[in-house]
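**Q** Produce the complete structure using the sequences and hints provided.
Number of protein chains: 2
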Amino acid sequence: MTENQEHHYTEDVQEHLHEVEHLLEKHALVETVAHQQEMPRDERHILVDKLLQKQHLAELGQKLATLHPADIAYILEALPIEQRLLVWEQVEADRDGEILIEVSDAVRESLIATMSGEELLEATEQLDTDEIADLAPDLPHDVIFEVFKSLSIEEREQLRSAMSYPEDAVGALMDFDMVTIREDVSLEVVTRYLRRFDELPDHTDLLFIVDREDNFKGVLPLKRLLVHEPETEVAALMITETVILHPDDKADHAAQTFERYDLVSAPVVDAKGMLVGRLTVNSVMDFIRAESESDVLNLAGLREEEDIFASVWKSAQNRWLWLALNLCTAFFASRVIGMFEGTIAKFVALATLMPIVAGIAGNSANQTTTIIIRALALGQISSTNARRLVGKELAIGALNGLVWGGIAGLFAFLLYENLLIGVIMTSAMLLNLLLGALVGLLIPLTMQKLGRDPAIGSSVLLTAITDSGGFFIFLGLATLFLTN
Amino acid sequence: MTENQEHHYTEDVQEHLHEVEHLLEKHALVETVAHQQEMPRDERHILVDKLLQKQHLAELGQKLATLHPADIAYILEALPIEQRLLVWEQVEADRDGEILIEVSDAVRESLIATMSGEELLEATEQLDTDEIADLAPDLPHDVIFEVFKSLSIEEREQLRSAMSYPEDAVGALMDFDMVTIREDVSLEVVTRYLRRFDELPDHTDLLFIVDREDNFKGVLPLKRLLVHEPETEVAALMITETVILHPDDKADHAAQTFERYDLVSAPVVDAKGMLVGRLTVNSVMDFIRAESESDVLNLAGLREEEDIFASVWKSAQNRWLWLALNLCTAFFASRVIGMFEGTIAKFVALATLMPIVAGIAGNSANQTTTIIIRALALGQISSTNARRLVGKELAIGALNGLVWGGIAGLFAFLLYENLLIGVIMTSAMLLNLLLGALVGLLIPLTMQKLGRDPAIGSSVLLTAITDSGGFFIFLGLATLFLTN
Numbered sequence: 001m002t003e004n005q006e007h008h009y010t011e012d013v014q015e016h017l018h019e020v021e022h023l024l025e026k027h028a029l030v031e032t033v034a035h036q037q038e039m040p041r042d043e044r045h046i047l048v049d050k051l052l053q054k055q056h057l058a059e060l061g062q063k064l065a066t067l068h069p070a071d072i073a074y075i076l077e078a079l080p081i082e083q084r085l086l087v088w089e090q091v092e093a094d095r096d097g098e099i100l101i102e103v104s105d106a107v108r109e110s111l112i113a114t115m116s117g118e119e120l121l122e123a124t125e126q127l128d129t130d131e132i133a134d135l136a137p138d139l140p141h142d143v144i145f146e147v148f149k150s151l152s153i154e155e156r157e158q159l160r161s162a163m164s165y166p167e168d169a170v171g172a173l174m175d176f177d178m179v180t181i182r183e184d185v186s187l188e189v190v191t192r193y194l195r196r197f198d199e200l201p202d203h204t205d206l207l208f209i210v211d212r213e214d215n216f217k218g219v220l221p222l223k224r225l226l227v228h229e230p231e232t233e234v235a236a237l238m239i240t241e242t243v244i245l246h247p248d249d250k251a252d253h254a255a256q257t258f259e260r261y262d263l264v265s266a267p268v269v270d271a272k273g274m275l276v277g278r279l280t281v282n283s284v285m286d287f288i289r290a291e292s293e294s295d296v297l298n299l300a301g302l303r304e305e306e307d308i309f310a311s312v313w314k315s316a317q318n319r320w321l322w323l324a325l326n327l328c329t330a331f332f333a334s335r336v337i338g339m340f341e342g343t344i345a346k347f348v349a350l351a352t353l354m355p356i357v358a359g360i361a362g363n364s365a366n367q368t369t370t371i372i373i374r375a376l377a378l379g380q381i382s383s384t385n386a387r388r389l390v391g392k393e394l395a396i397g398a399l400n401g402l403v404w405g406g407i408a409g410l411f412a413f414l415l416y417e418n419l420l421i422g423v424i425m426t427s428a429m430l431l432n433l434l435l436g437a438l439v440g441l442l443i444p445l446t447m448q449k450l451g452r453d454p455a456i457g458s459s460v461l462l463t464a465i466t467d468s469g470g471f472f473i474f475l476g477l478a479t480l481f482l483t484n
Numbered sequence: 001m002t003e004n005q006e007h008h009y010t011e012d013v014q015e016h017l018h019e020v021e022h023l024l025e026k027h028a029l030v031e032t033v034a035h036q037q038e039m040p041r042d043e044r045h046i047l048v049d050k051l052l053q054k055q056h057l058a059e060l061g062q063k064l065a066t067l068h069p070a071d072i073a074y075i076l077e078a079l080p081i082e083q084r085l086l087v088w089e090q091v092e093a094d095r096d097g098e099i100l101i102e103v104s105d106a107v108r109e110s111l112i113a114t115m116s117g118e119e120l121l122e123a124t125e126q127l128d129t130d131e132i133a134d135l136a137p138d139l140p141h142d143v144i145f146e147v148f149k150s151l152s153i154e155e156r157e158q159l160r161s162a163m164s165y166p167e168d169a170v171g172a173l174m175d176f177d178m179v180t181i182r183e184d185v186s187l188e189v190v191t192r193y194l195r196r197f198d199e200l201p202d203h204t205d206l207l208f209i210v211d212r213e214d215n216f217k218g219v220l221p222l223k224r225l226l227v228h229e230p231e232t233e234v235a236a237l238m239i240t241e242t243v244i245l246h247p248d249d250k251a252d253h254a255a256q257t258f259e260r261y262d263l264v265s266a267p268v269v270d271a272k273g274m275l276v277g278r279l280t281v282n283s284v285m286d287f288i289r290a291e292s293e294s295d296v297l298n299l300a301g302l303r304e305e306e307d308i309f310a311s312v313w314k315s316a317q318n319r320w321l322w323l324a325l326n327l328c329t330a331f332f333a334s335r336v337i338g339m340f341e342g343t344i345a346k347f348v349a350l351a352t353l354m355p356i357v358a359g360i361a362g363n364s365a366n367q368t369t370t371i372i373i374r375a376l377a378l379g380q381i382s383s384t385n386a387r388r389l390v391g392k393e394l395a396i397g398a399l400n401g402l403v404w405g406g407i408a409g410l411f412a413f414l415l416y417e418n419l420l421i422g423v424i425m426t427s428a429m430l431l432n433l434l435l436g437a438l439v440g441l442l443i444p445l446t447m448q449k450l451g452r453d454p455a456i457g458s459s460v461l462l463t464a465i466t467d468s469g470g471f472f473i474f475l476g477l478a479t480l481f482l483t484n
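Chains as they are written, first to last, in this note's numbering: chain Y, 1 to 484; chain F, 1 to 484.
Some clues are possibly wrong.
Said to hold, decoys possible - Calculated pairs, EDC-like style, for lysine to aspartate or glutamate (alpha carbon to alpha carbon, straight line, at most 20 angstroms):
| id | chain 1 | residue 1 | chain 2 | residue 2 |
| --- | --- | --- | --- | --- |
| 1 | F | Lys-250 | Y | Glu-15 |
| 2 | F | Lys-449 | Y | Glu-15 |
| 3 | F | Lys-223 | Y | Glu-229 |
| 4 | F | Lys-63 | F | Glu-25 |
| 5 | Y | Lys-250 | F | Glu-15 |
Treat the hints as calculated values from the structure; they're not laboratory data.
**A** Below, the structure written as structure tokens:
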């Protein structure tokens, strides 16, 4: 449970990073100086150095104690691995948990790797069950077992439930910090009930109304509670027609709901109508950020977000799958060119021109796919308008083919003073742009139909087709019309 | 001002879209049947058809009246232009404003184009000043002038202020729906003051504490107000060390602050310490979504988000700049190959292999750039660690060069049974991957230094260099070692 009030908010977290870096430099300097003195050093010197270092580390610890856990997480992420671990050691043990929750997956792994089972157990003690569930995939099994044993029956149930949903389901994002009330009481009673809390949970904009069996009845927004007279009954003010999420709902569907209706929190209700948790806007925002990052990473062929200070070996592995895939499609394209070696031997100009045909269609097809993937994500594409879109994209492809194909044809003609090469160039560009428009549309639509995420892998497949297709069309046309 | 309670929330907005599509089909059917009847039709028939159509439209209007403005916006975006305008006509005039705020820029343009100055003026009447400011860039000048005249002095000041900030500044995203209180009163007084509101503004999780001159003093979270006794003074509970934004702050900096500290709202305070507005999490979330979309669009070379039903001409224009740029770099790469036509004429195998050298390095460089752009956005790169990163990326480039270059060299050797071609292939891959790693790092870093957004344009430049560079290195090595 993060109690923001205890720690400093900061306008510019980079300032703190610089301060920490400065302290680390001072710390490292002592060691360097010690190593540089070639003479054998007496114990007293060594002792002084040690004291000095200790002092720097103590200063660092004091600095960290004033920072918000999210800011410490930021600093840890921005530091190379040795310095990161040095800073991590200076963090008070009872704050480890809240910081582990904040850091990125890759960095979390590097921190957990240095912690003993006991330290990990202690770290989880300060966390809510939904936070423990987030951490669980990175924890050793025996630690999870110990954590489980330390929980109350209710908490065990919550943890089990939170861990049972896939990462992209509402159930995995929800928390259990709900304030529930009954409908047959007055606002006066509610207000007195709330005063018994030390503090309301973060992001409490709604009170959830349930019956004795925890069946969800409706919500009472705080902003309603505050403007009505104390005598009013909850039942008179509660809203029953409200957004209700289910733990099995897709998280991106829930995210769109939050964005559409500008929600701060929403009840999560199971199939039997029981209130099982709530989803809050901060979890939704984290989810959106993570999704959009993984979209960008996927486009560049990175499997997951990378700790920029990870080892060469680890980073390379994150990038290999994509390079291997691209090498395969490049080999294929190379063999397509190989089919026309005879033609190229006669007209070397073809070798200089063919990358243009392949490249532009690839770019254009990528534009189409990007637009379609976005429209699919927003649910804007139905079977009625899909056919319309095919027509439109083909029309744009044809227009681009005539304009850019025309320019490329002119370029080829002027360069090689051969009208036929110019015409072949323009025709090949036109055909390949049409091919690109078609596959740029059909690949994401087909992936969606097959239940796969169209954002993953569409572009490799696409480029493979426009490359090989471009070479085939251009060299094929040339073989037909130039060599006969 | 959106009063969510009045309209239906909906679990699946696509259901509503289908219903609307169904009504539109029925409506269109009447017309088609009328046209298909070849006989001259008497007036009575025409009248019946008209009545039928009217009835369908009335049904449509009733359906729309129950929907949340965001859902109507969604439906408008998912409909082709003629049907979109038909639906738009059925929306009650007094809801036009709140819907215009919700639709995407491209679709908003298409709707506003059909509205008269008077209708636009009426639409803005239901909006808050910060919402009018959002709409203003799309409104004709005379309408803005009329709107301005219709506002109170305070609202004029707010509108002027909101419109004076660039789109990516906090000032452009903030709203003015703040509840302000004094510090020298008791919670009891605050509670009575709140009860005088009909409803508190959306996203009110904080009350803002100001003095008589509107100088910002601190905040009182509702969750504190609710748990303390009525006699307590505001001064005893208010938080003075809190996140304070400035209207000139960059919006993405504010967004990171919201994410880091899990905020729902934050005060916006000017240079003189006066409270001028507040930023809420829903605006931040919209901003994040828009940013991440424009990142993905920029990567694919689309200038802005596209209305999928925009005309071919309009869509093509959105895509041309990028294609023109790519054509230029493709021409350049083509001329690089042209320098080595003599060598290719002797060894046609080179033409089949050269795209592999160019392509893989382009992919690998793109991976590097993506990681660096992300790290730059998070402020994780300092002058201290930049040098370290150069070393790391070069090491990954070398590793990839040996592994994938080795495989490609083997492929070339087995195919053409020429050891030298294999060795040249591997060497060229290695060198081009190193070149890619270097430019993949330096391009975004340089752009950042020049104050430009590294996410825009990095990839064209990158691919241009790895393409031309790859051709030059591979064909250059071949010319040196094969033809002598």
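**Q** Taking the numbered hints from earlier one at a time, note which ones the structure violates and give those numbers from smallest to largest.
**A** No hint contradicted; all consistent.
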